[in-house]
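**Student:** Fit chain Z to the known structure of chain V by using the hints.
Here the protein sequences line up with chains V and Z, keeping their order.
Note that this note's numbering has the first sequence beginning at 1, numbered continuously upward.
Note that this note's numbering has the second sequence beginning at 200, numbered continuously upward.
Treat each hint with caution, since some may be false.
Just the calculated beta-carbon pair ranges, DEER-fashion [said to hold, decoys possible]:
id : chain 1 : residue 1 : chain 2 : residue 2 : range
1  : V       : L103      : Z       : R335      : 27 to 37 Å
2  : Z       : A414      : V       : A15       : 39 to 49 Å
3  : V       : I180      : Z       : R329      : 42 to 52 Å
What the hints contain is simulated information worked out from the structure, not anything from laboratory work.
Every residue, glycine too, gets a C-beta built ideally from N, C-alpha and C.
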Amino acid sequence: MAVRRLAEKQPKSFAFSNENLAWAEREIKKYPEGRQASAVIPLLWKAQEQEGWVTEPAIRVIADMLGMAHIRVLEVATFYTMFNLEPVGKYLIQLCGTTPCMLRGAEELKKVCRRRIGEQEQVTKDGKFSWREVECLGACVNAPMVQINYDYYEDLTPESFEKILDALAAGKEPKPGPQIDRQFSAPVGGPTTLKTVGK
Amino acid sequence: MAKLIVDGTEIDVPPEYTLLQACEAAGAEIPRFCFHERLSIAGNCRMCLVEVKGSPKPVASCAWAVKDCRPGPNGEPPVVNTKTAMVKKAREGVMEFLLINHPLDCPICDQGGECDLQDQAMAYGVDSSRYEENKRAVEDKYIGPLVKTFMTRCIQCTRCIRFASEVAGVPELGAIGRGEDMEITTYLEHAMTSELQGNVIDLCPVGALTSKPYAFQARPWELIKTESVDVMDAVGSNIRVDTRGREVLRVLPRLNEDINEEWISDKTRFIWDGLRTQRLDQPYVRERGKLRPATWNEAFAAIAKKVKGVKPEKIGAIVGDLASVEEVFALKDLIEKLGSPHIDCRQDGVQIDPSLGRAGYIFNATIAGIDEADSIMIVGSNPRREAPILNARIRKRWRAGGVKIGVIGERANLTYDYEYLGTGPESLANFKPGRDKTKKPLWIIGQGALARKDGTSVLAAFMKAAISAGALSDGWNGISMLHTAASRVGALDVGAVPGEGGMTVEEMAKKDALGVLFLLGADEIEVEKGAFAVYIGTHGDRGAHRADVILPGAAYTEKSGIYVNTEGRPQLANRAAFPPGDAREDWAILRALSEQLEAKLGYDSLAELRRAMMQKHPHLGKIGQIERADASALEKIAKLAGNVDKTAFASPITEFYLTNPIARASAVMAECAALAAQRPLQAAE
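Here chain V stands alone, though its shape is the one from the complex (with noise of 0.2 Å):
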């Protein structure tokens, strides 16, 4: 965890889109009148899905429709980690570096990230690809694994990893989920108990 700041660069303005703001209106609603802050995570995160991160208008903007003082929604992008303070790739690989994937070869698919991506946080010039190191999300019976935007991609292996950003690079939509043969996170090459169960 380092300190995080906001990006240096900022948009000058930000607006929902049509569709978000009648879904962020809807948001707010769910909560009663002097209440409307409870929103404003789902608001953060709804700024975040439609520009990619958290741009400092958006704060402003969703604190001004909440009511809330600018700093109070500082606070909470700050807070978060998942909120993203700067730009990011269009495919964003959340990377688990925890010990189970540590231990199935997460080091190896970081190499692999430094080679084709760069550092951490960095985009490429493309756009396309940013990646970072993130702590357990919880897919360790399949470790190693990333996450790439909204899906993971498990048992991994270098060449598979490598494979999987040819895909995106190539704008095609890879298989999510394991990338051997594996149903979800059954044991690997079928099942090993209750094999006479319905036979």
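**Tutor:** Only chain Z this time, still in chain V's reference frame:
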């Protein structure tokens, strides 16, 4: 009431007390950093840990209520220990953690010598540290010209954040990041805008927030501390003036629950650099259009020559906003002895007639009474600018809930919600108490509603509306006037208003209205050409520029004087330093001058002057107490109703930071005023 055993002694406390309060009631000392009586409970510093019998872990006593404690197995009262080995160890542990990231820079820290962390580390800490890693370092933040930050020292107690959002009502401070990386800052390091922001310096238990103007000026033990009273507004905040040699180095608040609690406004706190600059330190006499330095005798002779050359009714006097009652009394005495009825203290031209009764011009409800009010109506006033401390009190009442606030006049951000009822006298005249009449309505009228031609009628309409709303009942007088000048109530008390056939300030200031005009620190009016002006005051401000003779006086920190605040409470300001150069205390100047004018005043010392004054006005002798005024005056005033015009009420204070000659001489206040002037531009972006 709930029973509790603290350190073996059984005590009886209200069940909603926190353990910390209960322990203090039992006489035990509990160290703390984040807990503060006037702020919400945060419970994050962990310094107040105590042992509660039955709980396996120590308990943060500030965040644990007495009613949350479970009784013993046979219904015995809960047992709390504050002196056991467990508590000692817990405190040592917390202290060690706090000191891990706290720099060891006490020798260069402005808080040194008056630092909670320093004191408590001595009392509750251990002698050495086991920490060998690098300490955390935090970037300093810009949060305005008044508060200097040194963020590495911050222990993240969040008192400043809570103060800004709760008491000051301007939620500008916040904590960004988290854990070790948590940092206190304003949004994008904008300057704070609250006029109470200086209080965060006092609240900060370490040296993270210190006074910028006072930075590296002195150590607390070098300073001589004098208890005094503030004159920046009519609230009369209790202050402590710290001096070294003859220089005032800082002003701090003093606890007074009935007035300022423990807060003071920024103008009160940071005015002191204005006490050094632009000072008048010797008499001046105008010769051939130019002021030249003179001796006291030359100056007196020049005045005496002029005074003897004019008829008594051509002599007048205007009392300024910072004069103490003694000076006003002596000046009035002198003017009367000279045979003139022309004296006036109402520089801003407010229509207040003290002869109708004292209740007509004081804050009858008292400032502490705001806490009791169940509805508040503010007429023609912007209390946030006119009396920030009083405004904070109204905000406190609003936060407690169950109060309706209405405003007639300027529509300003007062830091609390209110119902806006109109701009001017019409709205006042149309006021009809609804069915939701409250028991203790508080009606506040500001000087903005009275400093106009129809002021008397406005005041009458105000009284009428307030009485109809039930602001006057048995045991409650909620009809209150908020003054802006520290000298005003005292001057009205001693009757410094035109006598029979006397002229008002406005008339006296007119061209050629008078032959000789005495200005006792009167800097807020433009005196037109004609009269020979004698200025008795402290700063080279408007009055001194107009003057033909300048007699250098003493500022409020340089004399002993009684000031009566807007509640009608006389308070004693003490001398903390001496006036510069040849300057003298104002009453002494008047006394010496009177001899030269052959109208000798009958007192040779301040004590004699006070005795004479108190004989005439006995209530001024009751320092710190309010003499309740006879409320029948209010009904009398209500009957004076006349025609009112439709102009909207406007607050008399447009620039909060520049309301008096001391403030105008202060570089710090000038910087604040410049920042404040930029603000509307920012908002318009």
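**Student:** Checked against the structure, which of the hints given earlier come out wrong?
**Tutor:** Violated: none.
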